[in-house]
Structures are given as structure tokens and as C-alpha cells.
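Chemist: Okay, here's what each chain looks like letter by letter:
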Amino acid sequence: MNRDDSKIVAFCCEHSAYQAANKAGRMRLHYPDNVRIIRVPCAGRVDVQHILKAFEKGAAGVLVMGCQEGACQHLTGNTRARERVKYTDSLLKEVGIDGSRVRMVNLGPDMGQQFVAEVKEMAEKIEGEMRR
Amino acid sequence: MIIAERKPLEEIKNMLSGYKEILVVGCRTCVTICWAGGEKEVGILSSQLKLASSREGNELSILEATVERQCEKEMVIEELRDKVQEVEAILSMGCGVGVQTIAEIFEEKPVFPALNTTFIGMPEAEGVWVEKCGACGDCMLYWTGGICPVVRCAKGLLNGPCGGTRRGGKCEVDPEKDCAWVLIYRRLEKQGRLDLMERYYEPKNYRAVKRPGRIEAATA
Amino acid sequence: MQVKIGVFLCDCGESLKNIDFSRIREDLQRLEDIAFVDISHNLCLEEGEKAMTSRILVENINRVVIGACSPDLCEHIFTRLLEGLRLNPHLLSLANIREQCSWAHEGDVTGKALELIRMAISKARLLQPIEREVVPVSKQVLVVGGGFCGMRSALELSRLGIRTTIVESELTLGGKMEQFEGSYGIETSPQAILNLMSNTIEEDENIEVLTSAEITSVEGQAGNFPVKIRRGGEQVSQSFGAIIFATGHTTKTLPRDFEPELGRNAISQRKLVEMLQAPEELERRPGTIGFVLDVSDENSRLPILSTLNNALAVKERLGSEVYVFCKSLKVDSEGMEKLYREAREQGVVFLKFEEKPQISKEDGRLKVEARDLLLGEEVALLCDFLVAEEKVLPCEGTEALGSMLNMRTDSQGFYQDENVHLYPVASERKGMFFVGGCKGDLDFARTSMDISSATVSIYELLSSGKVIVEVEKVKVEPDKCQACLTCIRICPHSAIQLVRVDTEKEVAKIYDLACDGCGICAAICPAKAIRFEGYADEQILAEIEAIGESL
Amino acid sequence: MNNSVLVIGGGIAGIASALELANCKHDVYLIEREAAIGGHAASYCCKATDVCTKCSVCLVPQKLKEVKTHSKISTLTNSVVSKVSGKAGNFQVEVWQKPQYILPQRCIACGMCFDICPTQPKAIYPPSPEAVPYSYVIDESQCLRLKDEECNLCEGICPTDAINFERKPERQELSVGTIIVATGFDVFDAREIGPLGYGRFPNVVTGLDLEKTFSYEGSLKLPSNGKEPHNIAFIQCVGSRSESHCYCSQVCCKYAMRFARLIKHQNPDCQATIFYIDLQTAGKGFAEFYEECKEAIRFIRGVPVEISETSLGELEVRFENILQGKVGRESFDLVVLSVGMAPRRDSWDLARILGINLSDDGFFDTKEPSNPIETNVDGVFLAGACQVPKDIPDSIAHGTSAAERAMEALERCK
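Protein chains in written order, with the numbering used here: chain A, 11 to 142; chain B, 115 to 334; chain C, 19 to 569; chain D, 830 to 1243.
Among the hints, erroneous ones may be present.
[As the list claims (entries may be wrong)] Okay, derived cross-link-like pairs now, DSS-like style, lysine-lysine, Cα gap no bigger than 25 angstroms in a straight line:
#, chain 1, residue 1, chain 2, residue 2
1, C, 333, C, 385
2, C, 22, C, 491
3, C, 356, D, 1196
4, D, 912, A, 130
5, C, 484, D, 854
6, D, 997, D, 912
7, D, 916, D, 951
8, C, 498, B, 187
9, B, 223, B, 121
10, A, 103, B, 121
11, A, 67, A, 135
12, D, 1056, D, 997
13, A, 130, D, 1050
14, C, 374, D, 1093
15, C, 345, D, 1123
If you're looking for bench data, these hints aren't it; they were derived computationally from the structure. Fair warning: this is a prediction, and the values are worked out from it, not measured in the lab.
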């Protein structure tokens, strides 16, 4: 992954976040195009290693997007994902990447607007850092 | 089983400064079970090292390997024999025994520990391990109802409990922890062996096992 | 076996103007393991499918990559098509280049579309086929609890041809049926319903009843639960396809909030019903009867249902004054609003309070003082009898049985976690169902809906006696597994157990029928021993790798 | 003997029945009057703050997808049942389908017709984003071609020739074993209560309007000037627990509290007040949420009767202030009427066609009060809010149990 166009990798749970992304598309809500969505069966499937590998391959930010807290079809998937993201954030701080470049996001399947807002927020955060 | 904990990244980076090709070696037994040095942790540490080195400009090339048991010579040799040739230094994620076994076999390459071997213990909850045995070489569990005061009493008293035990049977030194001797008392009480509490025990011979320990079993 | 990938791109009737498909085709054809790149206008319609089928028949490819619209619109079409061509439907990888690429961004997005397709291709290269297998399931169902729900479930299952075994801890069936005895407005008395049901159960050879029995252990997975049942000394072991928990709830009178000793004056709903059944035995007719509600628990329906019923019964049979003290009357069940209006028409007085009423004894009667909101002033009332409030609580054994089955209870201690995906009757474990009172305080209509929902879910699972299952979609590699039990402890569906495999080493095993395909275990395994085909680590990492390699 | 089942109504209850029956190897005909299935529940928004508030809206999209991809369910949208004859085990049903100017099976939602349509606002437009089938819709009042003017631009441009204005209403004859009625409810029209001012004041909205706003915009702005609301009132039991609607609609207290918490979560300095008769907080998992609401929301007992507009454009609510025992007046910048569920206006003729009776509230009646599913006609069952108002989880439970009864009836008729 080359360095110049900073990419955002978004692991999207197929029950909620992936549907929210589809809804954003169908409502023609435009968001930055440096996002790459990877479909996962549950946010709980995303491992610390996947996130670190994404950064290793040059990603500038990673979003782990799962169902709302308490509405996960697999009961603990999104809670575990949140803990793993917190652990990965501490690992990244050790390495020197701080500014919470990895974020856990909870979405309902109809939250097209919020999906776009989260992506824009991460893109602006990265834009801010790139310029400094 | 042996419980270990990973060293902070800063310390590991300082150890590796000056070396370009590193072999990170995990171990599949104790340190996998306590989430410290298994194949997954090898992947995580390698990613961290690659990320840190690429940010600082000195590109590290990292090889990853995982041995079934690092404390078994044959397994170490079989797994690492040809990988060791391609690297300058070895970073072992095994317990202290693993690090030394690899160092003995591949004497020409420096071997660095990535973990701190902490204690012999067991899982208390998911992701939480507690110390139970200090390997003192002279087990006295028979008269303390199966609770070891040498390790689980903060002061290692043999004729406890000390005067400072807190309300609710908590330890004076660390209010979170239970006082080992209160636990011992309650268990002996349940078994009706409270007479053992009255006996006076002489100070313990901590040189029962001459360091470094060595055991020779009768060869079958 | 050499990987040969067929790529199909759909430009959605040439409407995706901001993607240059020919440039994408040119770039992809340079990759050596790509057999062909076809551009179609409507892959989701018959013409597109026909073209795809003929193309696949001609070229012997073993992976299919499709760049089209969102998978929930077209994935099922392509899987059916591949099955028709006897290609394994799991060798399919989709890139969403419409909703998440063409429609989501301004300007030319050919670069992003190409990247999404290359991500799908790099994943497709590592996809492995998943075979299907038929797993026999036992058509026998265990019903725990012989109350109304247990009996009704057994009867409905038997009507659909499924054998059941009822395990009841008491000596006889019936459970809490009699508490509705003498309820106003129910035509046939619960006792009559109870007798009718137990007689039909006796005659029905599909149903076996084990009274004063209890479960000691439950192992196995959906379709095959070996259960040990202890009945008077000896232990019976039997295997069941599914289990229904109909253990019901208990109601407990909680005087602790207003401390009348439950002597002569403060009575429970039960006692009031007994008085109503034999009004002539009372020494003298009570002048006023008070009901107190919403003191310790503001959120349950059943106390209010029985209060309204009994208040109307008192009016009808004893004719005494009736006062109901409550904070918020829960009328959100079928017909409750009408019952509430009828009670007011019959002269039952409802007093609404904000702070808890004060109860004290005064010359042999109970005095209730509360600040009534509608009148706006203090009200003091002397009642001959005060019906204490009853709180609906889970049975005692709930906690123990819950932990034995590794099942979480909800915030009030009832069965079934509060997750909406489990509603109405499912539990975290496939093949286990919760029905009726053991889940919370359900009124009559909701309980009967629960029973039928559980029956039909079990019929769906067991009726054909076999289930088609994807073999080892999520698999533990025995030689890597250190049996550290992490996956067994964290699996939300309890689908993993420790088994002795041919390497005589104990390793974890994932049961395909019970596994719900979430992948939490694959992510947490410290030894990287669990592989989730379709979302395996190397497949996800390959997708990440392909980001940024475009043009 | 025919073991297929007719499900009238593609709302969440109808879908739940259809799925359960299809999974048990029965053929299902799903008849939906609108252009897309999902009913009211498909258009609701997720009301989670930072924790799920158990509104069950996210169950709907999954079930919609399952119905779409299920080979044993044939869905007929834009269709109405016109005649039913025969008895349990063998019903002959006549179904009329509105003229399909856009064939859902052929429309790939590419949007070319939308771009080329000359009318303003467009006569041909995409359905709501989660609609199933996801096919474009024609607004007959706007379309020039349907007003017999010369225009077939969309017909020409459509790449899959899904559009054809010559298509006529179609009649289909189905023979089924049992029938499940799942026609759902109408949202109570708040205009019927004049003094509350719905329709007169822009800032008086209903629960349904909030659902649409959050579903599309994701946050709440004042309809009158687009600014953030600072003081919101919810009025409960609008169209429920009254003389003409003598039932509790079960859902309004819960969605009002969920919206109040959601709005306060999005901007904490906004005040929320709920005027209620009795707060319905029973049900699984609601007790904890109610505790949270007690601090966040102000509850006033007593339902207001009149809303008027003050000079500076705020809404003044006249209500009976019980604590001080006199008439209270308070002004808010937004008032939400928690509208309940009313029986469908057309339930009369469906009752006539099927021969089932209506209860005195106007919903379909059941054989006896303790059995919420079987109607007086053997082989015809009820599912969802067409029998009694229900929330989403109860409608699903009712749908699956209606499926069970239907299968039992089929088994009996064998």
C-alpha cells in the first residue's frame, strides 16, 4: 500500500455496518473515497492482528464497525471487538501511532447518515495529521 | 503452569538496536495458554516491530516461527535450524527456560527474551492468572490445608496470620488480596484439623534445593 | 490444483457512468490466473445468468469473482447458479462496486472499483470449497416443567408428530395453574383445563411424563443432547433433539416495603381467591378491601392482571368497597383497558400515588395513607383486608440450571438474555428454547404465542429427522490446539467442546450444527488453531494486501 | 389436498409467518398491497443511544432478505385479495394486481429513468433505501404519460425494458390450504383531534414523523426553522385509551421514551417532558431503561387537551397541572404526539371477503378471548397488529404461532 493516498480500512459487520454503508450509497450520500470496506460476519471476527497488519500495509486509519451494544446477533461480538480495539490502540501508542487511529463504531443497519459521519470524521483526523 | 508477561515494546526495541534481521520465536505450550508468547502474540509483536522500525526509517526484516515446546532441544533444532542462518539475532517469546535452551543450541547468535517469566500459577478468570506455587523445594501444603503461605501470604509467614489482618480477612499489605492464613484457618476449620494452627513451625530452610536445581530420575 | 478465476463485471445497464469498465478489464487481463473478464449489463436478470452459465461451462474455471451491486441483492442468485453447475458455491467472491463505490462518491472512481475487485480476486485465490453433509437429529424433545406451558407445548408438538418427554419436579403436573382459579371473566375454570390437558396427555403415546424428576446434566449439541435425568434414586440417560424450558415463575409477597405482618388483615391474592370461592364461610362480610401495587416493582403486568380480576370478583360476589393504590397501571396487554374501564364502572376506586403509601394498624384494621394525585390531597383509608403486592420472580432453580447450561439470565434474573435477536423463544444455544413465565411476567395471550413459536421452531429443526450442515466451515486444527479452553469459554453459542481425537490428545471441537458462524473464537485463539473458511486470517490479510496496488 | 398457504399482508408479522412456513417446506403466497414488503416496521429508525434500547427494528432487514431469497415464497406486491371461496384445506383465492408499469423482477434500480424524467418533482423515483423488492416507483399523479400526454422517455431509456405503460391490472387464481391474515394497522391520524393542532402548526409532529426524520436525516431539527430543539414535549395516548379507541396501543410509551433518550443523547442540553396517563414500562429488558429515563426525562401525569401558538412562534400546551391543582400552561418548541394504532380503514371489505367478524374496536375478532389466533372461519388465522395492537417482537411471535396453527390445520385436513 503506497504511502501518499492514505487509505482507511473499515471492517464492517455484514448485519449492521455493511447495510448502513449500502443505505448511504442508495441515498447517494457521498463520503471520502479512500475508504475500503471489508465484509466480516461479525465485528467479533476482527482480530488485533488484522488491524496491525492493515497499519503495517500502510493504512492511515482503521474503523471496526459492529452492531449496537446489546444488539449483536452473537451476543458478545461487538463487546469483544471494542476491547480488542482498545488493546490495539494501546499497542499502536507503544509504536508511536497515537491520536486513536483505530476506532470502534456501533451502528444500526439503517444508520446511513451516521456511517458517513464516522468515515468523514476519521478522514478529517488523518487529513489533519498529514498536513502537520 | 508457567505464567509470563510480555515486556514493554520500548525495552524490546532497545535490546534489538543495531540488528537488522530478527527471528521472533513463539512457544506453543505454557505461554500460549497464558496469551503471552503463542503464535498470535508472535504475529502481534512482529507487526509492532515492523511498524516501529518503518516509522523510524531503519527497516527491520523479521522472520516468525513457533516451536511446539521451546524447552525441548529436538523441537527447537527441528523448527529453527535453517531459519537461524538467515538472521542476526533471535527474539524468543518463550519463558526463561525457552530463551536459554535456544541460546545453548545456537551459541553464535545473541538470543533476547521478549517476556518476563513471572510465576507458576493458574487461570482465575478469562485473561487473569494468579500465582499459586513458588517452587521452594520443600512443600508444606499438607499442614496448611492446601494453601501455600510462602507465596500467597505477602510476608511469607509460617506462623501467621500477622497482627495487621484487615476486616473481612483481607491482607494488611494489599487490601485487595485475601489473607492466606485466614483462608488456611477456615479450611482447616472445615476439615476439623484446627490443631495444626497451634503448632509452632521452625523457620524454613530456603536452601532445600541447591541452586541451580538438578534432578536425576532412575533411568527406566 | 491450479487456480483459474473467472471475473464477471456488471455495469448495471451502463448506468455506472463513473467507472471505466474497459480499463478495469485491461488491467485485470494482465494477471496470469484470470481466465477471462466479462462485462455484462444485467447479471441479476435471466439474460445475464444465461450468459454467465454458458461462459462457465465453456471455460473450466474453479473460482468466480463478481463485481456488481450489493450482495444482499444478488449473492443468492450466483450461489444458486453455481450449485446448478455443480461448482462449490463457496468459491465465489463479491465486490460491491455499485452501492459502496459508484453511488457513494463523486467523480471517476475507476481506481477504487479496480481495487475492490482486486481485493475480491486476492481473496478468491485462497478460497477453499466447503462440502455439505446430512446430520441425523433425534426427533425426541425434552420439556422441562409440567405447568400449563409445558403441557401445552407437549400437546402441540405431538399434534405435529414429534415425541416429547415432560420432566416435572413436583408430584403432579399443573404447576401454577390454580393461581388463576376463580379469576373473573375466564369461562372455563383453570382446574377444568388442567384435568382435560392431563387426561389427553395420558392417552397420547407421543408424550412420556416423568414426575418428581429433575435434570442432572445436559451435554451435546442441537439435534443430539444426551441428558441425565434423576428420578427417585435412579438415573435415566436419554438423547433429545431439542429442549424446551417451561419452568414458569413464582410470585412472592414482599411486605418489606410496608411491613404489615401478614396477619389477619394483610392477605395475599391467593388467600383472597380462596375467600371468594367460599364467601359464606367468612364470619362477617368485609366492608372495604384495598389493593396496593407498584410499591416494590413498577414494571410487571401480572400483579395488575390478577388485581383487576380479583377486584371485579370481589365486587360481584362480596359487593364490598374496593380501593386500588397504584402508581402506573400496566394495561398493555390484550383486553386490559376494557377490564380497567369495567372495574371503574363497577365502582372500584383507583388512587394514583407518587410517593409510597404509609400503612399502619388502627383498631384491628389497616390504615393506608397516601397523597392521591387526582384529588390533590392526603387520603387515609381503613380497610378490612389489604391485598399485599406480589412481585413476579424467577424460580429458585433458575440460577443453578442457567449456569449448568452456560446460559445468561436477564437483569431481573429471568431466563433469556435481553438481546432482541433471541426474541421470542430462542436461547443463545441452538435447539434450546424458553417458553412462558420463566422468561418474565407474560400475560395469557403472550404465553400461548410463545408456546406455538417454540413448537414451530422445533418442528422446523427436527421434523425431517436430518439437517443439512456445512462441514467444518469453522474448524479447530487438532495438532495446533493446546486445549487452553479459551474458545470453549468465550463461544456465545456454546458450540465448542473438549473431545479426545485420534491423536489421543484432548482438543477443542466445533460442532457444525451448533456453530452460528460468528468467528469470535477464530479471532481469540492464542495458538491460531481455528480456521474460519470464507473469512480465514490469510483471506482477510490478502484483501488488506490488495488495497493500494491499483494501476 | 393443497398444503400451500396464503399470507395476506407483507408486514413484519406476515413475513414471520411466511418464513416459518417456507422453512417447514410449505409453499407460501405472500400478498402485499404496497410496492414493497416490510410494512410500517421497515421504515422505523434504530433508537440506540450508546446502548441498544431493544426496539427490535434491526430484526426487520434480515427477515426481509430471507423472504426475498427464499425459493418457496412467491411474493405478489401491489396486489389485493378480491374473492375467496372454498373451505379449510382448499380455498380458491382471486388476487388482483395493480398494473405493473415497472416490473419489479426486471427493474435493476439503475436510475436512468429518474435522470431523464422531465417532471418536477420527479414522477419516477427510487423506493426507500431498505425496500424489498428494490425497484423504482411511479407517482401516477405526476406522470405525464399516465395523464395521457405524449411522453415515454423512461420507457425508451430503460436498459432492461422493465417499464411498459400498456400493462393492465392482472387477475390471478390461487388455490391454498389455509389463510393467514396479517394486514397490520393504520397509524392513528392525529388530525382527528383538532385542538392538538397537528397539520396546523409545523412543530407539532407525530411519532411516525420522528421515525422518518431519524431514518433519513439521523438527527432532529425543528421543521419550522431547521434549528436544534431545546424543549420537547411528548403527549401520550393520542388515539388510544379513548372512547372510540378503547385499547392501549402498547408501543407509544416505549417509543416516546426511546426517542426522548435518543434526542437527549444527541444534544444533552435539550429538555424532554412526557405527559402521560399510565406509563407502560412492562416487558423484557425495559426496567433498566426506565430507571435511566427517570433522571433524563420529566414526567407529568395528565394528558394536555389543547396546543396553541404563542407570539414568538413557540407552542403553548394547556394541561391540568395536578400537583398545584390548577390549569397549567407551558411552552415548548416541539411537541410530539405519540400516536397509537388504529384498525385499517379497509378491514371491512377484507372481513366481508373472508367472512370473519370484526371486534367492536374494529380489529379482526378471534374465536374466543384466550386464543389470539383462530378466527370464526376454520382455516383462517390472524397474525400481528390486525388482531390487537402489538410491537415488533410480539408481532413476530404472533406470526410464527399463526404459522404453527396453519400447519396444524393442514395436518388435520390431510
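Chemist: Look at each hint and say if it fits the structure.
Modeler: Going through the hints against the structure:
1. For the suggested pair residue 333 (chain C) and residue 385 (chain C), the alpha carbons sit about 21 angstroms apart, so the restraint of at most 25 angstroms is met.
2. Between residue 22 (chain C) and residue 491 (chain C), the direct Cα distance comes to roughly 23 angstroms. Compliance with the 25 angstroms bound is thereby established for this hinted pair.
3. For the proposed pair residue 356 (chain C) and residue 1196 (chain D), the alpha carbon gap of about 18 angstroms is at most 25 angstroms, so the pair holds.
4. Distance hint between residue 912 (chain D) and residue 130 (chain A) is unfulfilled; the C-alpha atoms sit about 54 angstroms from each other, more than 25 angstroms.
5. At roughly 14 angstroms between alpha-carbon atoms, residue 484 (chain C) and residue 854 (chain D) fall within 25 angstroms of each other, so this suggested pair holds.
6. Annotation: proposed proximity of residue 997 (chain D) to residue 912 (chain D) holds, straight-line Cα distance about 19 angstroms (limit 25 angstroms).
7. This hinted pair does not check out: residue 916 (chain D) and residue 951 (chain D) have alpha carbons roughly 46 angstroms apart, beyond 25 angstroms.
8. Between residue 498 (chain C) and residue 187 (chain B) the alpha-carbon distance is near 19 angstroms, which keeps this suggested pair within the 25 angstroms criterion.
9. Between the alpha carbons of residue 223 (chain B) and residue 121 (chain B) the distance comes to roughly 21 angstroms, so the proposed pair stays at or under 25 angstroms and holds.
10. For the given pair, residue 103 (chain A) sits about 15 angstroms from residue 121 (chain B) by alpha-carbon distance, which is consistent with the 25 angstroms threshold.
11. With a C-alpha separation of about 19 angstroms, the suggested pairing of residue 67 (chain A) with residue 135 (chain A) holds against the 25 angstroms cut-off.
12. Of the pairs offered as hints, the one joining residue 1056 (chain D) and residue 997 (chain D) is violated, with about 47 angstroms between alpha carbons and a cut-off of 25 angstroms exceeded.
13. Taken as a hint, the residue 130 (chain A) and residue 1050 (chain D) pair is honoured in the structure, with Cα atoms around 21 angstroms apart against an allowance of 25 angstroms.
14. Pair hint residue 374 (chain C) plus residue 1093 (chain D) does not hold up; C-alpha atoms about 29 angstroms apart against a cutoff of 25 angstroms.
15. Note on residue 345 (chain C) and residue 1123 (chain D): the hinted pairing holds, with a Cα-Cα distance of about 14 angstroms set against a maximum of 25 angstroms.
Hints 4, 7, 12 and 14 from the earlier list are contradicted by this structure; the remaining hints agree with it.
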